[in-house]
Amino acid sequence: MKNTGMPNGQKTVDMPYAATLGLRFEQDADGEWLAIMPRADTLGGRPGFVHGGALAGMLECVAIHKVQTVAAPREGRLARPINLSISYLRGATHENCYAKAEIVRLGGRIIVVSVRVWQDDPQKPVVMGQVSLMR
Amino acid sequence: MSGHGKMADDIRASQTERDLILGATDPDFERVVRWLLGHGHGLAIGTEYIGHGEDWVELGLCQRPDLVADPATGVIASGPIITLLDFATSASTWLRRKKVAPNATLDLRIDYLRPARPGAKIVARGECYAAKRTVSFVRGIAHDGDPEDPIAHCVGTFFNMDEKSSV
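Those sequence lines, one after another, are chains A and B. My numbering puts the first sequence at residues 1 to 135. My numbering puts the second sequence at residues 1 to 167.
Because the hints were derived from the structure by calculation, they are not lab data. All C-beta atoms in this analysis are idealised placements derived from N, C-alpha and C, irrespective of residue type, glycine included. Just so you know, not all the hints are guaranteed correct.
[Stated by the list, open to error] Quick list of simulated restraints, FRET-style, between CB atoms:
id, chain 1, residue 1, chain 2, residue 2, range
1, A, A19, B, C62, 36 to 44 Å
2, A, G31, B, Q15, 47 to 55 Å
3, B, G119, A, R74, 18 to 26 Å
[As the list claims (entries may be wrong)] Some chain A residues judged to face chain B by a derived CB distance under 10 Å, without partners named:
id, residue
4, M15
5, F49
6, E75
7, R77
8, P81
9, I86
10, S87
11, T93
12, N96
13, I103
Let's have the full structure, built from the sequences with the hints guiding it.
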């Protein structure tokens, strides 16, 4: 697993809550980040499905991580979500969840990130969301 | 969990699971909510039942070091707050509809007004303000002691899966 080597010489993002979700980040050959939340009983919601809150939590952590990869933190602090709009497109069963983020707008203080979460098929997202963050 | 009364616990648990999967028109509402909070992700982050009324549910969460977003500030991440709001608003739809039935979050929007005070207990109150045949409409707030000074607001919709055949 390669989770170091962030731009600007930063180390990997230290977010205790992301570790609680089991979330990890890997970089592919093109340098693009992929987030992985392995299946776990601790993520369950209604019987048979991943909790919507865990998916929302994943989405936010992925957005915060994305900001850290493109912009230097202010005063050593992680970007803070201002709001989050999330659509649940399919029930997420107890399988691994994967996510990729895209910067929609990179401003001086406000950054908008769009995140897509899928399970077995990247073309069939289980969750899509947009997060506005402040740094 | 202790072994004492385990069989009775198992019977109650399986009844609750059946209610959640198949629906129940006369549920022991508090039992169903407590069961959900005591399993899976609810258990992992430490959610607790506080109370409920005709169309609302109030749940609590204690801040813990493993729920922190940024160790530089020690403030709880927003993810556990959304989870609490998702739980509370989802359960509020059952109250309004007067039955427990499987539902799925369609969408959720959360605004974070301010960071929570480190260490303070988080309270989420979810309310179902309209329940139509296929979709239930919810709103909620989260606060850390004073409901007049919330840390987050949310609005959302849930799909009533027991009405699937009518879509």
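Verification of the hints:
Checked against the given bound of 36 to 44 Å, the beta carbons of A19 of chain A and C62 of chain B, roughly 18 Å apart, lie outside it. Checked against the given bound of 47 to 55 Å, the beta carbons of G31 of chain A and Q15 of chain B, roughly 52 Å apart, stay inside it. Hint check: G119 of chain B to R74 of chain A, Cβ distance near 24 Å, so the stated range 18 to 26 Å holds. Look at M15 of chain A: its Cβ gets to within about 6 Å of chain B, closer than 10 Å, so that hint holds up.
This hint holds: F49 of chain A has a C-beta 8 Å from the nearest C-beta of chain B, less than the 10 Å allowed. Nearest Cβ of chain B to the Cβ of E75 of chain A: about 8 Å, under the 10 Å cut. The hint holds. A least Cβ separation of about 5 Å between R77 of chain A and chain B falls short of the 10 Å threshold, and the interface hint therefore holds. The beta carbon of P81 of chain A is positioned within 10 Å of a beta carbon in chain B (closest approach about 5 Å), and the interface hint is therefore held.
The criterion of a C-beta within 10 Å of any C-beta in chain B is met by I86 of chain A, whose closest approach is roughly 5 Å, and the hint holds. Nearest Cβ of chain B to the Cβ of S87 of chain A: about 5 Å, under the 10 Å cut. The hint holds. For T93 of chain A, the interface hint is violated, since its Cβ never comes within 10 Å of a Cβ in chain B; the closest pair sits about 12 Å apart. Taking 10 Å as the C-beta cut-off, the interface hint given for N96 of chain A is violated, the closest approach to chain B being about 16 Å.
For I103 of chain A, the shortest C-beta to C-beta distance to chain B is roughly 19 Å, which exceeds 10 Å, and the interface hint is violated.
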